[in-house]
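Numbering-wise (the working numbering), the first sequence opens with residue -2 and increments by one.
Treat the hints as calculated values from the structure; they're not laboratory data.
With a straight-line Cα cutoff of 27 Å, these simulated DSSO-like cross-link-like pairs (lysine-lysine) come out:
no. : residue 1 : residue 2
1   : K376      : K366
2   : K29       : K73
3   : K29       : K108
4   : K271      : K140
5   : K376      : K179
6   : K291      : K213
7   : K291      : K271
8   : K211      : K376
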Amino acid sequence: MPPVVEIRNIAQFAGQEVVIQGWLYNLRSSGKIVFPLIRDGSGIIQGVVVKSAVSPQVFEHARGLTQESSLRAAGKVRADARAPGGFELDITGLEIVQYVPIERPYPITPKDHGIEFLMDHRHLWLRSSRQRAILGVRHEIIKACRDYFDDRGFTLVDTPIFTPAACEGTTTLFEVGYFEDKAYLTQSGQLYNEATAAAVGKTYCFGPTFRAEKSKTRRHLTEFWMIEPEVAFAHLDDAMALGEGLVAFVVERVLAKRRSELKVLERDVAKLEKVVPPFPRLSYDEAVKILQGKGSEIQWGGDFGGTDETLLSEGFEKPLLVHRYPSQVKAFYMAPDPARPEVALCVDMLAPQGYGEIIGGGERIADEKLLVERIEKEKLPPETLGWYVDLRRYGSVPHSGFGMGIERVVAWICGLEHVRETIPFPRMLYRLTP
RNA sequence: UCCUCGGUAGCUCAAUGGUAGAGCAUUCGGCUGUUAACCGAAGGGUUCCAGGUUCGAGUCCUGGCCGAGGAGCCA
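Whenever a hint applies, use it, and build me the whole structure from the sequences.
So this is what it looks like as structure tokens:
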């Protein structure tokens, strides 16, 4: 019995008998020769079945294969300049594991489909080369993020999904029943990160985040994944440097390990290769002036809209760090700048090419009195934030952190039109299935 | 929530108010090197739903359902 091998490793088996197990991707035939394209999740290889070289049963099996039928194919690996992967499989044995019946064929053909049809068949669409490439890049990005923090002495500390109240009081939350009580799905692990940062010094959490906003744009999901570091004794500049280092590291890693996926996605890698520190830094004041110069309606004191972000980032080849927004547009826990109390020690990182905000964060209020004032001013429920104020009573220190939305980073690095393709099963305003 | 656009064969789309069409997919036939293979033939329709106007509606009108893009809000 020849060894079962993965298509990605096929080069090591040139000239040898192997078994490939996978699914039929496409089939071309020419009378007495059949070319089944087989994918196994690690790659695609073209098989060759010649009528005169195999039993009539194997040939008939091959000729009648339907798209996505699962199979095991035995044969000899042969280097061939005509093959896209450099190798072909001369099939001598074929076992059909499950035959997709012709009365109910695989719905997704190699031809054009509309987005609604593809989203309805997301569970099958994931098998296509393009979606597989995105899943690969997403995996690499998440692994790179974790390596970056792990290698710098951070401890991953998970934060809860059920929360008693809004973290920030700004966004709409999903309400769920919690026995006789109500709970909300988390919109950020940050407040809990502030607690755990005092325990381990440098922490991060990585998990799903939920926003019940009725946003219907290419940058929004109702359920998305966020990685959030928090560092004790760190100031705004430290958070900016940490975010800059993280994004540069992630891009470098993807370029090093996922070239083939970026090629499938037709990503212009030259643009990604320019993403090296230092990233440009701009104060909110400067950003407003630039925007006004480009014809935006923005006034000092307002937050940027999607068009503003695109307008601002289009002048730069690297991600852009915008810092010191007016406190009024930022969350209650943002520390005011001692030199200018009307602005917060916060930072947003805007990805190039209109991909929007990928990082948001800054320095947190360390002073108990000021924090309590802010909670009262925002009319947040003090009973559920008592523990958070407690952190300012027992060894309060300056601390900073940020959150990075994984899907927007994936969309940017892959060069996708819409974040819905960056997550296996997107949850959106009008999409809960599959 | 608001604005714009759309819903016709399994899929992608055509069709001036006048017989419902093409490409792909499927089935059958042909082809020993195909690369979204190609060539020939066949089958395939509650035109999203409910009303209305009209001699006649896929097309026009009203309401609804579903979806897409954008705005606001946000990562």
